[in-house]
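Q: Starting from the given sequences, assemble the full structure and let the hints guide the process.
Per the numbering used here, the sequence shown starts with residue 5, numbered consecutively.
Hints are computed from structural coordinates only; laboratory data are not their basis.
Think of the CB as a built atom: it goes at the ideal place given N, C-alpha and C, for glycine as much as any other residue.
Any given hint might turn out to be false.
Okay, the calculated beta carbon distance ranges per label pair [what the hints assert, rightly or not]:
no.: 1; residue 1: Gly140; residue 2: Leu8; range: 36 to 46 Å
no.: 2; residue 1: Leu149; residue 2: Ala111; range: 31 to 41 Å
no.: 3; residue 1: Ala15; residue 2: Asp90; range: 35 to 45 Å
no.: 4; residue 1: Ile99; residue 2: Met136; range: 38 to 48 Å
no.: 5; residue 1: Pro64; residue 2: Gly140; range: 50 to 60 Å
no.: 6; residue 1: Gly140; residue 2: Ala15; range: 30 to 40 Å
no.: 7; residue 1: Gly7; residue 2: Phe38; range: 10 to 20 Å
no.: 8; residue 1: Leu149; residue 2: Glu60; range: 34 to 44 Å
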Amino acid sequence: RRGLFGHSGTAEREPARLGQHVRLSFSARDVVKFQDAGEKAPARVTLANLGLLGPEGPMPLHLTRWVLDRLSQRWFTGADAEQTSDTTFVDFVNILQHRMIALYYRAWADAHPAVQIERSVGGRVRAMLEAMAGIGLPGTQDPELDTVRLRQAGSLANQVE
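A: Take a look at the structure:
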């Protein structure tokens with residue numbers, strides 16, 4: 005079973021492998037490419053704005069230029085530029101920064117209630133609504149009524165001004 009980004013503990017249990025699209029310009033989008041999982045390879049998400057390289061990254065720009073130079077040279081024979089360029093340094097950096105990007109996303113998701121509600125656990129928002137409804141208090145444990153109480157607590161939360 006695959007876990008959530010940043011909560012899984014190991015890269016094998018993450019929903020996808022996270023990596024960086026190397027460039028020198030600022031990007032207008034976050035996700036550059038999504039590659040479905042293969043038989044043995046996990047799904048891959050290539051991001052533009054997070055990573056060690058590029059204009060937003062902490063590494064010097066001359067290192068990014070060097071990596072782009074290596075990517076633009078054709079080292080192997082083949083039709084696809086992605087298969088013929090030297091991606092060893094980018095692959096190595098992506099190994100290092102996968103966990104960094106996953107933990108960044110975890111911190112971002114934990115701070116946004118809308119993301120917490122979309123997950124099955126509900127997060128802090130659900131815990132606050134359960135506290136407003138009195139769910140979990142001694143003498144009020146009735147699983148059948150918990151959903152009704154939770155819905156009523158949501159109605160109360162909408163009336164706060």
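Q: What hint numbers does the structure not satisfy?
A: 1, 3 and 8
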